[in-house]
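The opening position of the sequence shown corresponds to residue 6 in the working numbering, with each subsequent residue numbered one higher.
Possibly wrong hints are sitting among the right ones.
Quick list of simulated restraints, FRET-style, between CB atoms [stated by the list, open to error]:
| hint | residue 1 | residue 2 | range |
| --- | --- | --- | --- |
| 1 | SER142 | SER239 | 44 to 50 Å |
| 2 | VAL247 | ILE346 | 49 to 55 Å |
| 3 | PRO23 | GLY426 | 46 to 52 Å |
| 4 | THR338 | GLN232 | 46 to 52 Å |
Heads up, simulated SDA-like pairs for lysine to any residue below, C-alpha to C-alpha not over 20 Å straight-line [unchecked claim]:
| hint | residue 1 | residue 2 |
| --- | --- | --- |
| 5 | LYS59 | MET208 |
| 6 | LYS398 | ALA320 |
| 7 | LYS322 | VAL444 |
| 8 | LYS321 | VAL24 |
| 9 | LYS398 | VAL262 |
| 10 | LYS398 | TYR323 |
| 11 | LYS321 | PRO23 |
| 12 | LYS398 | ARG451 |
| 13 | LYS321 | LYS331 |
| 14 | LYS398 | ALA408 |
| 15 | LYS331 | ILE447 |
| 16 | LYS59 | ALA320 |
| 17 | LYS331 | VAL446 |
| 18 | LYS59 | TYR281 |
| 19 | LYS398 | VAL444 |
| 20 | LYS322 | LEU452 |
Everything labelled a hint here was simulated from the structure, so no lab data went into it. The structure displayed is predicted, hence computed values, not measured ones. Heads up, the beta-carbon is just placed ideally off N, CA and C, and yes, glycines get one too.
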Amino acid sequence: MPAHSCMKKPARDLTNGPVTPLLLGMAIPMVWGILSMIVISLGDIYFIGQLGSKELAALSFAFPIVMIFGRLSRGMGTGAGSVIARSIGAGDQQSVERLCRDSLILSLIVMLIFAALGLTTIDLIFGLMGASPEILSYIHQYIEVWYFGAIFLAIPMSGNAILRAAGNARAPSQVMIFTSAINLALAPVLIFGLVGFPAMGLMGAAVATIVARALSVILTLYILVYQESLLKFSIPSWDDFVLSSRSILHVGLPAAVSAMIIPLSGAVLIRLMADYGTDAVAAFGIVTRIEALAMVPLLAIAGSIAPFVGQNFGAKKYHRIGEGLKAAAMLTTLCSVTIAILFFSFSTPIISVFNDEIGVIGIANHFLLIVPISFMGAGLVVMTSASCNALGKPRIAVTLAIARFVVLLIPLALIMGHHFGYVGVFWAMFLSNFIAAIVAVIILRRLPGVKSGLT
6 MPAHSCMKKP ARDLTNGPVT PLLLGMAIPM VWGILSMIVI SLGDIYFIGQ
56 LGSKELAALS FAFPIVMIFG RLSRGMGTGA GSVIARSIGA GDQQSVERLC
106 RDSLILSLIV MLIFAALGLT TIDLIFGLMG ASPEILSYIH QYIEVWYFGA
156 IFLAIPMSGN AILRAAGNAR APSQVMIFTS AINLALAPVL IFGLVGFPAM
206 GLMGAAVATI VARALSVILT LYILVYQESL LKFSIPSWDD FVLSSRSILH
256 VGLPAAVSAM IIPLSGAVLI RLMADYGTDA VAAFGIVTRI EALAMVPLLA
306 IAGSIAPFVG QNFGAKKYHR IGEGLKAAAM LTTLCSVTIA ILFFSFSTPI
356 ISVFNDEIGV IGIANHFLLI VPISFMGAGL VVMTSASCNA LGKPRIAVTL
406 AIARFVVLLI PLALIMGHHF GYVGVFWAMF LSNFIAAIVA VIILRRLPGV
456 KSGLT
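Please take these sequences and the hints and turn them into a complete structure.
Okay, here's the thing in structure tokens:
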């Protein structure tokens, strides 16, 4: 019997129907899911900010490392989502089930390795980032506990990518919202020692995150097994696992590398901001989380275009890929302009929510007046990278990430920061986003399949 004859219908068939409603139907649930995760980060900033600027600076130093692990997990999920979406589009149920199982095992193994490396290099890494011995003691309180719970990132990240590949954006969002609610409820209890719990400070924020993530593992597995029938528990043969790993890592490894370039660049920027004092580090920690919040709709659009491109490429419906990319570009532009206007109009009130120190507000204010309009460029870059990964062309996405951060952002930040201080760093971020967007559009229009769909 042909593989496609027993193919279970995906949660949402993205190869038929009006393009823009399909993308919005995927993106809107993802907005709420991603937003809920950003709320956790903002909640930690708010609660830790009540402890003092040193604790806030420690959390700011830890943020790029936390992002690296998140991006690593997301990269592995991207690899799984790419091959699974194409298998769904081609109607290959057997491959879908095998890839789902093996992708979860692979992502768990990778996360265990990186968590072990992280635990043994805390002083080295954060020392290189410019953390003083006093701040380093606070960093230990948070990051040691966080590393032990990093393994709980693997299954939810990959599982959510699998569900989106099947066109189900609602279930991953529900899991993320539930996780965020648990985390947000536990954080102040454990940080400040409420309702009979001891005050744990920074360590409490890490413990709250671990507990919430562990619960999300259970929910994700339940949905994959019982609601979507995408996962069957079995011990894979070595040959099957190697076959799956190769196809997943072909996209997942470059995707993880390109994704990790972002927080690694953030670590470099944190190092530059450390030269301007504790207030600068604290301010940068606030604005990077605000930036993450602003990028939510843009990431949701990119997240919706990836399974759309994957399924339609598998079904050989190239004209729909072009239609989807045009719609996604218009949505990205509209969202980014709206966000920039809001930040320009209400920068000081937004920053004051998280910290009321004049020095911190002043530095953060400069960021929100300079950088946000360039989010449009960043959104187009993310959309292009997601499309390349979905098409099984991860090297292009890696090249684009290297161009944006290594070739453009870091050198510009070093040069302009030297001449203009932290304001120069912010202008470097602005320029790198727009220049990279021009390169992304040129690349996108030349991709096979995409090119025919855009003409």
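Now for the hints, and whether the structure bears them out:
Here the CB-CB span from SER142 to SER239 is close to 47 Å, well matched to the stated 44 to 50 Å. Checking the proposed 49 to 55 Å range against VAL247 and ILE346 shows it holds: the Cβ atoms sit about 51 Å from each other. One distance hint, 46 to 52 Å for the beta-carbon pair PRO23 and GLY426, holds here, with the actual separation near 50 Å. The beta-carbon spacing between THR338 and GLN232, approximately 35 Å, falls outside the hinted interval of 46 to 52 Å.
Pair hint LYS59 plus MET208 holds up; C-alpha atoms about 14 Å apart against a cutoff of 20 Å. For the proposed pair LYS398 and ALA320, the alpha carbon gap of about 17 Å is at most 20 Å, so the pair holds. About 26 Å separates the Cα atoms of LYS322 and VAL444, which puts this hinted pair outside 20 Å; it is violated. Taken as a hint, the LYS321 and VAL24 pair is honoured in the structure, with Cα atoms around 16 Å apart against an allowance of 20 Å.
For the suggested pair LYS398 and VAL262, the alpha carbons sit about 14 Å apart, so the restraint of at most 20 Å is met. Restraint check for LYS398 and TYR323: satisfied, since their Cα atoms lie roughly 16 Å apart, inside the 20 Å limit. The hinted pair formed by LYS321 and PRO23 meets the criterion: a straight-line CA distance of about 17 Å does not exceed 20 Å. For the hint pairing LYS398 with ARG451, the CA-to-CA distance comes to about 12 Å; that is within 20 Å, so the pair holds.
Using a Cα cut-off of 20 Å, the hinted pair LYS321 and LYS331 holds, with the two alpha carbons roughly 18 Å apart. For the given pair, LYS398 sits about 16 Å from ALA408 by alpha-carbon distance, which is consistent with the 20 Å threshold. Of the pairs offered as hints, the one joining LYS331 and ILE447 holds, with about 14 Å between alpha carbons and a cut-off of 20 Å not exceeded. At roughly 54 Å between alpha-carbon atoms, LYS59 and ALA320 are farther apart than 20 Å, so this suggested pair is violated.
For a cut-off of 20 Å, the pair hint linking LYS331 to VAL446 stands: about 11 Å separates their Cα positions. At most 20 Å may separate the alpha-carbon atoms for a hinted pair to count; LYS59 and TYR281 meet this at roughly 15 Å. Taken as a hint, the LYS398 and VAL444 pair is honoured in the structure, with Cα atoms around 16 Å apart against an allowance of 20 Å. For the hint pairing LYS322 with LEU452, the CA-to-CA distance comes to about 15 Å; that is within 20 Å, so the pair holds.
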